[in-house]
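Heads up: the protein sequence lines correspond to chains L and H, in order. Residues 1 to 208 in the numbering used here are what the first sequence spells out, letter by letter. Residues 209 to 416 in the numbering used here are what the second sequence spells out, letter by letter.
Note that these hints are calculated values from the structure, not bench results. From the three backbone atoms N, C-alpha and C, an ideal C-beta is built for every residue, glycine too. The reader is advised that the hints may include incorrect statements.
As the list claims (entries may be wrong) - A few chain H positions that, by computed beta-carbon distances, are all more than 10 Å from chain L:
id : residue
1  : I230
2  : R255
3  : I266
4  : P268
5  : D273
6  : T282
7  : E287
8  : I379
9  : R382
10 : R383
To be verified - Covered, in the sense of this in silico footprint (three residues per stretch, anywhere, with C-beta under 8 Å from a C-beta of chain H), are these stretches of chain L:
id : region
11 : 33 to 40
12 : 107 to 121
13 : 155 to 163
14 : 200 to 207
Protein chains: 2
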Amino acid sequence: MLKAAVLVSGGGTNLQAIIDSIHDGRITDACIDIVVSNNPGAYALERAAKAGIETRVISPKSYPDRPAFNQALTDFLKERGVDLIVLAGFMVVLPEMLIKAFPNRIINVHPSLIPAFCGTGFYGLRVHEAALARGVKVSGATVHFVDEGTDTGPIILQQAVQVEEGDTPEILQRRIMEQAEWKIMPKAIDLIAHGKVTVKDGKVYISK
Amino acid sequence: MLKAAVLVSGGGTNLQAIIDSIHDGRITDACIDIVVSNNPGAYALERAAKAGIETRVISPKSYPDRPAFNQALTDFLKERGVDLIVLAGFMVVLPEMLIKAFPNRIINVHPSLIPAFCGTGFYGLRVHEAALARGVKVSGATVHFVDEGTDTGPIILQQAVQVEEGDTPEILQRRIMEQAEWKIMPKAIDLIAHGKVTVKDGKVYISK
Numbered sequence: 001m002l003k004a005a006v007l008v009s010g011g012g013t014n015l016q017a018i019i020d021s022i023h024d025g026r027i028t029d030a031c032i033d034i035v036v037s038n039n040p041g042a043y044a045l046e047r048a049a050k051a052g053i054e055t056r057v058i059s060p061k062s063y064p065d066r067p068a069f070n071q072a073l074t075d076f077l078k079e080r081g082v083d084l085i086v087l088a089g090f091m092v093v094l095p096e097m098l099i100k101a102f103p104n105r106i107i108n109v110h111p112s113l114i115p116a117f118c119g120t121g122f123y124g125l126r127v128h129e130a131a132l133a134r135g136v137k138v139s140g141a142t143v144h145f146v147d148e149g150t151d152t153g154p155i156i157l158q159q160a161v162q163v164e165e166g167d168t169p170e171i172l173q174r175r176i177m178e179q180a181e182w183k184i185m186p187k188a189i190d191l192i193a194h195g196k197v198t199v200k201d202g203k204v205y206i207s208k
Numbered sequence: 209m210l211k212a213a214v215l216v217s218g219g220g221t222n223l224q225a226i227i228d229s230i231h232d233g234r235i236t237d238a239c240i241d242i243v244v245s246n247n248p249g250a251y252a253l254e255r256a257a258k259a260g261i262e263t264r265v266i267s268p269k270s271y272p273d274r275p276a277f278n279q280a281l282t283d284f285l286k287e288r289g290v291d292l293i294v295l296a297g298f299m300v301v302l303p304e305m306l307i308k309a310f311p312n313r314i315i316n317v318h319p320s321l322i323p324a325f326c327g328t329g330f331y332g333l334r335v336h337e338a339a340l341a342r343g344v345k346v347s348g349a350t351v352h353f354v355d356e357g358t359d360t361g362p363i364i365l366q367q368a369v370q371v372e373e374g375d376t377p378e379i380l381q382r383r384i385m386e387q388a389e390w391k392i393m394p395k396a397i398d399l400i401a402h403g404k405v406t407v408k409d410g411k412v413y414i415s416k
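Bound conformation, chain L alone (with noise of 0.2 Å):
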């Protein structure tokens, strides 16, 4: 049974599917050990109690100053033995000493096709307006391994997403929520417990 922590900061619909898709079988051999907030206020802390989830805030608040939160950070997530650390809407720049103890054991969803709007400057809203302003037709989301990098870490899995006439930014985040990140980053948590990906010479192989 693999062991998640999931690491959020807002309003955890990522978390929300990932809930559900345990509940409905489509993630099976794993479960989510503990969610964990940096932010007190994240109504995502609210969707893991419902679920019965233990839950655990981290704020920088609470520390001196950032190296303290961040070996807080980390050691706590060591400590607690977790076998994959999922980022789902985590605002806060992972400390690299955590990427280090966790090699090819944290994933991320990124809200278009890598490498197109991503790097230094593209979250949230942002990728879409930058898609928008770009006038592609098709989007969608990535799923990928955490490296030192900005959204340069290993492809896992991507789903493409039509973009539509008259999307705004939020129209389009929406789509690609519904009809992708809330797809993907379940099914890669599935594979990685059932043992089926790997990684070599930066790339990711997926078993049947």
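Please build the complex by placing chain H on the supplied structure of chain L, with the hints as guidance.
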């Protein structure tokens, strides 16, 4: 009836897709007025001849320098009075005077989902080599209007295509041709022929 010039340099599989689409009615209200090749040995010229389409070779080797070739190509297409120029594997840097003479009336197909894997140096197999090197799970093709930049013009249509494990650049290239390029290029010509494509602020709008 829209009169198109199709510019080729090689095998002409995209030209064939357009010819077939006219024959079977996927393109209506458009005809190929002329096929122009810079290369007298292009197999595309045979495809055109078999379909009863007039051809013309305009080779840089027949002119004293590049400006003279550029002028000849531009003059020919202007005098011919074509409504649309279709780049179907035309391996020549398009003269700026030609681009200025046909604003938003030159279209190209690029074998990726722009803005991924496009720009200077990304052509032919190099596009697919780069996509496989990054380990993307989705690629595709883009039909766009040609402007002064490289792959920067307004996007008309895009089609996503799955990358499969074991893909070589050649296999991925062929799948993207079959599942994307040969579909969206004829579709874009048909939409343009029916006056359904407009460009505003660098973005394409398609009316129903």
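Against the structure, the hints come out as follows:
1. For I230/H, the non-interface assignment is confirmed: its Cβ lies about 24 Å from the closest Cβ of chain L, beyond the 10 Å cut-off.
2. The claim that R255/H lies off the interface holds: its Cβ sits roughly 28 Å from the closest Cβ of chain L, which is beyond the 10 Å cut-off.
3. No Cβ of chain L approaches the Cβ of I266/H within 10 Å, the least distance being about 32 Å, so the stated non-interface status holds.
4. Under the 10 Å C-beta cut-off, the non-interface status given to P268/H relative to chain L holds; the minimum distance is some 33 Å.
5. For D273/H, the shortest C-beta to C-beta distance to chain L comes to about 36 Å, beyond the 10 Å cut-off, and the non-interface label holds.
6. With a cut of 10 Å on Cβ distances, T282/H stays outside the contact zone with chain L, its closest approach being about 27 Å.
7. At the 10 Å boundary, the C-beta of E287/H stays outside the reach of chain L, the nearest C-beta of that chain being 32 Å off.
8. For I379/H, the condition that its CB be more than 10 Å from all CB atoms of chain L holds, with the nearest at approximately 16 Å.
9. With 10 Å as the threshold on Cβ separation, the claim that R382/H sits away from chain L holds: the shortest Cβ distance comes to roughly 19 Å.
10. Non-interface status of R383/H relative to chain L is upheld: no Cβ of that chain comes within 10 Å, the nearest being about 14 Å off.
11. By the rule of at least three residues with a Cβ nearer than 8 Å to a Cβ of chain H, the coverage given for the region 33 to 40 of chain L is violated, with 0 such residues.
12. With 5 residues carrying a beta carbon less than 8 Å from a beta carbon of chain H, the region 107 to 121 of chain L meets the three-residue requirement, and the given coverage holds.
13. Judged by the Cβ-Cβ criterion of 8 Å, the region 155 to 163 of chain L is covered by chain H as claimed, because 6 of its residues qualify and three suffice.
14. For the region 200 to 207 of chain L, the stated coverage by chain H is satisfied: 5 residues place a CB nearer than 8 Å to a CB of that chain, which reaches the threshold of 3.
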